[in-house]
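Protein sequence lines correspond, in order, to chains P and G.
So the first sequence is numbered by our numbering: it starts at 28 and just counts up by one.
So the second sequence is numbered by our numbering: it starts at 4 and just counts up by one.
No wet-lab data here; the hints were simulated from the structure.
A couple of the hints might just be wrong.
[Said to hold, decoys possible] Listed next, the in silico BS3-like pairs over lysine-lysine satisfying Cα-Cα at most 27 Å (straight line):
id, chain 1, residue 1, chain 2, residue 2
1, P, Lys37, G, Lys118
2, P, Lys102, G, Lys210
3, P, Lys158, G, Lys210
4, P, Lys158, G, Lys271
5, P, Lys131, P, Lys210
6, G, Lys210, G, Lys307
7, G, Lys116, P, Lys43
8, P, Lys378, P, Lys245
9, P, Lys210, P, Lys245
10, G, Lys118, P, Lys44
11, P, Lys345, P, Lys378
12, P, Lys210, P, Lys102
13, P, Lys132, P, Lys102
14, P, Lys102, P, Lys131
15, P, Lys195, P, Lys132
16, P, Lys132, G, Lys210
17, P, Lys245, P, Lys37
18, G, Lys116, P, Lys102
19, G, Lys89, G, Lys271
20, P, Lys131, G, Lys89
21, P, Lys37, G, Lys116
22, P, Lys132, P, Lys245
23, P, Lys43, G, Lys118
24, G, Lys118, G, Lys255
25, G, Lys210, P, Lys93
26, P, Lys37, G, Lys210
27, P, Lys44, G, Lys116
28, G, Lys302, G, Lys89
29, P, Lys93, P, Lys131
30, G, Lys255, G, Lys271
31, P, Lys158, P, Lys195
32, P, Lys158, G, Lys307
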Amino acid sequence: MTHVELAGLKKSYDGKKNVIEQVDLQLQQGEFFVLVGPSGCGKSTILRMIAGLEPITDGELFVNGKRMNDAPPNKRDLSMVFQNYALYPHLNVEQNITFGLHTKKISREEQRRRCLEAAEMLGLADYLRRKPRELSGGQRQRVALARAIVTQAPLCLMDEPLSNLDAKLRTRMRSEIRQIQRKLGITMIYVTHDQTEAMTMADRMMILHEGEAMQIGKPLNIYNHPANTFVASFIGSPAMNVMEADVSPSEIGLSPHCTLPNPMKGNVKAASKNVQVGIRPEHILFSAPEQADAVVEVVNTEVLGTETLITFILDNAKDQWIARWNGQWQFSVGDRIPIRFDLDAIHLFSKDNGRILWAANDGQPNQTAREVLR
Amino acid sequence: MNDSRDLQPVPPQESRRPKRNLFAFLEGWLYLLPSIILFGVFVFYPMFRTIYLSFFLADQMGPFEFVGLENYQYILSSDSFQSSVKATILFVLYTVPAGILLALFLALLTNEKIKGIGIFRTLFSSTMGMSVAASSVIWMFMYNPSIGVFSRIAEWLGFPAIQWLQDPDYALLAVSLSTVWMNAGFAYLIILGGLQNIDTHLYENAKVAGVSYLYQLRRITLPMLSPTLFFIVTVSFINSFQTFGQIDILTKGGPVESTNVIVYSIYKDAFINNDVGSASAQAVILFFCVLLLTALQFKLGERKVHYQ
Ligand SMILES: Nc1ncnc2c1ncn2[C@@H]1O[C@H](COP(=O)(O)OP(=O)(O)O)[C@@H](O)[C@H]1O
Ligand SMILES: [Mg+2]
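Chain P on its own, in the form it takes in the complex (with noise of 0.2 Å):
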């Protein structure tokens, strides 16, 4: 069932220049929902517009099919979790859990009740008399949770949630908030930078690029199929290497020396395009020096202990390319390594607009995505 539906959403913040174009979407009940993309492209305010916190200037907005424009915030049944949580310095957990809750006609017990129940789940049922500043950062988000949970809304936005925490925190509440979600059934919009949180959270998600959505799906396919080489480029760390090249008919020169069959020798008319060519960095690999499509120059290695990351250059000190290698693989500056490119891996990108042109694993996914699924 649709739960939330943004069609034709604008918004504009001096009424001259549109900070939001023209997003549609539709959420299913007990979705949870990524809104990913660079900072300053708009997230923020397409939540806040949904939440009823800035007016919508131009499209609609539907919850349970009910249009929702002009609705005051807490008419529209959700909750909101802030970036900085935006807790009562002055009031304690208890209190600030249960905030606003009056307002619903809840009882006294009932609300104690609620809060009881979230502060367990959360963590928190030992501080439930303690000043927000006397606890810690994670312990602040909780908090912040909880105060959506108790409201028992069905559905919950919440912008960045986790930025202010540190790496291993972040991990550790990327899967609680996931697994509350599921566990309450709640529609949640959730509103990130972050790619690596967009793919481990997201049923789908969202890339905004400057106030456009760019491509809306479930992560793996859009890991996969990347719409354009924005979201090539965004989504994945280390980024999709994404290098003009040379097109004819027959190959795609990638350099002088190293140059590739084109496998878009059946579509003559995009085959003879201006082309981007995408691979992503685990898709490069090391080959025995008789099979190998280049021999390159390594710039840089990274080793992360099991997997390695090596920068390296084919002719063009400009361009520099990332191959990913599981284990450790313990190079020096200027080491002549021999290459392979997995073919059925590559994207093509139209250098004139971005827009995919071509991908070897149309449809299905790849090797490595199957094995993720299993």
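For chain P, the structure is supplied; the task is to place chain G with the ligands on it using the hints.
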């Protein structure tokens, strides 16, 4: 390759040498010196001189006879000083709460993002930029029984004209009213600053929760504003106890000593009656009263103020 050679134990930290301590101590005092000198010359010396003089019979040339606590005995038993104390307390009660409430009200009104709000903010804070002398003269004209706006309004409404500044029943009230007006600008600006410092997300969360305006005011605005309010209350009290200019211009302590607050009585004793000993003793009494009150405020306020 043998990387384990590279793993070296962390050397233990060297213990600190205590020799530097004396030098650091002197260096600290050196940095303090300029402010110590300034405070010494302009605050501490006059203060101790005043306390010293309060034990003497003295005129403007200096002390001439040690009298111990006689100045104090004389003051505390004099009717004139008692009426000064009464006038001062009334003046403080008239001006401080009214002034702060007015400033708070105006600040709440103008703490919205509306077009042209800057005009109102400038207007409401403008009295801060006016000298006491200039504002007093304006109010003097307004209180004038024949040409002043107050008597015109009274006349128009059919009430008898009141001699605002000449009637002992109304003089203190009139001076207080003008003082509230003069002080409102400063308090307004400070409170507005405090309001704008409150994180807007706190209000947005309240909006999503759907609480009423009054609840918001009581549970968010006032507690979050409490450090600012505490500051402005303290400063206003001290300010109010020290009011001089408008009294000198509007009433000169009259009529019938009804506006003869302690500060004005100190001034009269010292420079008109030439009794510096008595003036000093009054100054010392006032000083300790204000000190006590401020200390009391800190003691009580501490519990109610939420610093972030
Ligand atoms: N209150 C505002 N007034 C004017 N411009 C704003 C306001 N809030 C955000 N913007 C602009 O809208 C754009 C999107 O902002 P925002 O939604 O906060 O981005 P994000 O949350 O993705 O970082 C930015 O260019 C920002 O400068
Ligand atoms: Mg944001």
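A quick look at each hint next to the structure:
A hinted pair counts as satisfied when its Cα atoms are at most 27 Å apart, and Lys37/P with Lys118/G qualifies at roughly 23 Å. Our distance criterion of 27 Å between C-alpha atoms is met by Lys102/P and Lys210/G, whose separation comes to about 10 Å. Pair hint Lys158/P plus Lys210/G holds up; C-alpha atoms about 22 Å apart against a cutoff of 27 Å. Under the criterion of a C-alpha separation no larger than 27 Å, the hint pairing Lys158/P with Lys271/G is inconsistent with the structure, at around 53 Å.
About 23 Å separates the Cα atoms of Lys131/P and Lys210/P, which keeps this hinted pair within 27 Å; it holds. Of the pairs offered as hints, the one joining Lys210/G and Lys307/G holds, with about 25 Å between alpha carbons and a cut-off of 27 Å not exceeded. Among the hinted pairs, Lys116/G with Lys43/P is consistent with the structure: their alpha-carbon atoms are about 20 Å apart, no more than 27 Å. Annotation: proposed proximity of Lys378/P to Lys245/P holds, straight-line Cα distance about 26 Å (limit 27 Å).
Distance hint between Lys210/P and Lys245/P is fulfilled; the C-alpha atoms sit about 21 Å from each other, no more than 27 Å. For the hint pairing Lys118/G with Lys44/P, the CA-to-CA distance comes to about 20 Å; that is within 27 Å, so the pair holds. The suggested pairing of Lys345/P with Lys378/P holds, with an alpha-carbon distance near 18 Å, which does not exceed 27 Å. Taken as a hint, the Lys210/P and Lys102/P pair is honoured in the structure, with Cα atoms around 24 Å apart against an allowance of 27 Å.
Taken as a hint, the Lys132/P and Lys102/P pair is honoured in the structure, with Cα atoms around 14 Å apart against an allowance of 27 Å. For the proposed pair Lys102/P and Lys131/P, the alpha carbon gap of about 11 Å is at most 27 Å, so the pair holds. Restraint check for Lys195/P and Lys132/P: the C-alpha separation of about 39 Å exceeds 27 Å, so the hint is violated. Pair hint Lys132/P plus Lys210/G holds up; C-alpha atoms about 16 Å apart against a cutoff of 27 Å.
A threshold of 27 Å between alpha carbons decides the hint, and for Lys245/P with Lys37/P the separation of about 24 Å falls inside it, so the pair holds. As the CA atoms of Lys116/G and Lys102/P are separated by approximately 23 Å, the hinted pair is consistent with the 27 Å bound. As the CA atoms of Lys89/G and Lys271/G are separated by approximately 17 Å, the hinted pair is consistent with the 27 Å bound. Our distance criterion of 27 Å between C-alpha atoms is broken by Lys131/P and Lys89/G, whose separation comes to about 52 Å.
For the hint linking Lys37/P to Lys116/G, the alpha-carbon distance of about 22 Å falls within 27 Å, and the restraint holds. Straight-line distance between C-alpha atoms of Lys132/P and Lys245/P comes to about 39 Å, which puts the hinted pair past the 27 Å bound. Between the alpha carbons of Lys43/P and Lys118/G the distance comes to roughly 18 Å, so the proposed pair stays at or under 27 Å and holds. Only pairs whose Cα atoms come within 27 Å are accepted, and Lys118/G paired with Lys255/G is rejected, the gap being roughly 44 Å.
At most 27 Å may separate the alpha-carbon atoms for a hinted pair to count; Lys210/G and Lys93/P meet this at roughly 20 Å. With a CA separation close to 22 Å, the supplied pair Lys37/P and Lys210/G stays within the 27 Å bound. For the suggested pair Lys44/P and Lys116/G, the alpha carbons sit about 21 Å apart, so the restraint of at most 27 Å is met. Proximity of Lys302/G to Lys89/G is assessed by CA-CA distance (about 25 Å); at most 27 Å being required, the pair is judged to hold.
A distance of roughly 21 Å separates the Cα atoms of Lys93/P and Lys131/P; the hinted pair therefore holds under the 27 Å criterion. A threshold of 27 Å between alpha carbons decides the hint, and for Lys255/G with Lys271/G the separation of about 9 Å falls inside it, so the pair holds. Between Lys158/P and Lys195/P, the direct Cα distance comes to roughly 24 Å. Compliance with the 27 Å bound is thereby established for this hinted pair. About 15 Å separates the Cα atoms of Lys158/P and Lys307/G, which keeps this hinted pair within 27 Å; it holds.
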